[in-house]
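Asks: Residues per chain are reported as follows:
Protein chains: 2
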Amino acid sequence: VAALPPLPEPTPGIDTAISPAFQPHLPAVDAFPTQLWGRLWGRRWRTSAGPLLAPSAQAASAPLRTALADQLNAGRGLRCTAEQIIIVTGGQQALELVAHVLLDPGDKAWVEDPGSSGLRAVLISAGVHLCPVPVDGDGLAVAAGIARHGDARLAVVRPAHQWPTGVTMTLPRRLALLEWAYQAGAWVVEDDSGGAFAYTTHATTPLQALDQGARVLQIGSLSQLLFPALRLGYLIAPPDLVEPLLWVQHLTSRPPPAVDQAVLADFITGGHFAQHLRRLTDLYQERQSTLLAACQRELGEWLNVQPATAGFHLTGWLAPGLDDRAVAAQAAALGITVTPISPQRLIPGGPQGLALGYGGVRPELIGPAVQRLATVLEERR
Amino acid sequence: VAALPPLPEPTPGIDTAISPAFQPHLPAVDAFPTQLWGRLWGRRWRTSAGPLLAPSAQAASAPLRTALADQLNAGRGLRCTAEQIIIVTGGQQALELVAHVLLDPGDKAWVEDPGSSGLRAVLISAGVHLCPVPVDGDGLAVAAGIARHGDARLAVVRPAHQWPTGVTMTLPRRLALLEWAYQAGAWVVEDDSGGAFAYTTHATTPLQALDQGARVLQIGSLSQLLFPALRLGYLIAPPDLVEPLLWVQHLTSRPPPAVDQAVLADFITGGHFAQHLRRLTDLYQERQSTLLAACQRELGEWLNVQPATAGFHLTGWLAPGLDDRAVAAQAAALGITVTPISPQRLIPGGPQGLALGYGGVRPELIGPAVQRLATVLEERR
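Protein chains in written order, with the working numbering: chain A, 1 to 381; chain B, 1 to 381.
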């Protein structure tokens, strides 16, 4: 058995004295209405413990799928039915199902470079050949992808708010990506993470809503919207693919627990989900402003941070000479989590930078954390 | 996309008028202490919602792993530490992790024939080459396995109460299997399903407890002990394998929800788990007696049912001329679920039979269900 890097440490709970700054992908768990959720859970358990004890199945998740379809169609402009939705434990399980059904080992798939190492790991473990496609200021460089790997079978993209660069993919690029998929008979997996939080008046249209050829599958994490331990997500597939995807889920991992699904359905249909997203949008906008101001004040010369139009992380580019891995390692020793960009690249080189998740950081802790980061940068420059 | 058989229907809840007879692997959900579980859940949520909202990780599952190690060491005679346990969503996810870490595509694995189609599907999806090894009255025919597929890398067995034959593997066979694993450098995955319910004074010793060479991994479903929607299970691995198995889980599916793990830990440490297992053992013994008597009374000439020393299903062998698939299909039309043996065989032939799960069937419904099954057999003979 080969030597492995240490497993990531567990995230401290929100009731610890200091929230983890700047943990990526962590939502504002401090703002989650835990009392309300507890009441909804108790009501479900008292009234329907019987059916909820039974094995969960696609039919049992119908209330959640219906609620989610309404929510996503209204909130994200999607065009999907409840029948097209499969409830999964998260984005990674969703991609695992997709890879099982649509790809054979050795098939090529575009991945964003830099991009999500978690999603790449799923493809690697399915025996898929990764084709890195660069991300520039307009998002995925579709033309470069076509020139280098036009024969790929799948593209995995995060257009709303790319990880880790924070770029939003432009509409022309989105359309070019779909056009390639239609021409090549390829599939597009859209990770809509960050898309629920848009801070501009003109929100971008998801690929799922633009798709005219039933080539787009959208994956989304509900744990990343509400709280990580929820372990629920969704996969929206073209109608023809739903049955085989459900079969693979049935044969490998089975659907997530029925109780959590029922409670989440109540949370959505009661209007609490939409309300919580609105509250989070305000909160994230405030946290982003606070973080941006602190970075410009404290780190101005060393880290060039730009505002983001969606999501809940900011990306900063380091001044020449600063090494992002070294900065991140030294910051970690001071209790500050920042994500270096370089390890997210498949093709080495390109600017060095840091991604700072601010979703789960209480605003009063942002300033002190940035000051601590400043001491690291000052020392290393 | 190839045509697929229809997905299994969801199991009706326990509060429907008629429990599903004779649904395999369904525990006595009617006897589960739902009120107690609801109280434990509420207490956990009120006191520790903060930490429980955070992403779950191996460290966060320490209380459950400690409780489970104590429970399994005392109750099943295992010799494992909390560090050797990985919490998973069920036996299938456990085997998926094992296949990822220990096998390469094309590697050979012994599977019991007849045996579990669910576990086979996991191996197939990992690209593993299945080697059917026959099961006789003493369990897996180890000598036949060595003669035909001595170079396999893995054996997947269910020694306590084989599915679907109901056979318990004898001690000499268990020792022979371990000896082969040591000689061949192969791994043994022990599915301990059914082992928690032993109706004889001399319970058999699990392979995990017999293993002197760190070649056995045990998988177990907690959902099959308590209630299916729990979606929790465990994998016990030799110490060296824990870290790579956790990595694969981290990269693909992540650990199950933290809240359920915390509540289950409370359920075990409060003594409720051991108490519930004792209650289930009595209940299953009663249900087995009722089913056995009904079968002998109503089906005597057509179905030869033998008592089982463990688990919660009975296996009956059909009189010559009766086709198990046809019987099962006709019974299903009358609302009776019986599992035909033939489809669980990789090598066709051998006696035809039916597996009858009795765990989730209330005793007063057993007689009427068997009478309905008698009408099917009478018509088809």
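Please keep in mind that the hints were generated in silico from the structure rather than gathered at the bench. Check before you lean on any hint, since a few could be wrong.
Residues from chain A shown here face chain B by an in silico Cβ test under 8 Å; the list is partial [as the list claims (entries may be wrong)]: (1) Ala31; (2) Phe32; (3) Arg46; (4) Pro105.
These numbers come from a predicted model, not from an experiment. All residues carry an ideal CB built from backbone N, CA and C; glycine is no exception.
Asks: Which hints, by number, does the structure contradict?
Replies: Result: hint 1 breaks, nothing else.
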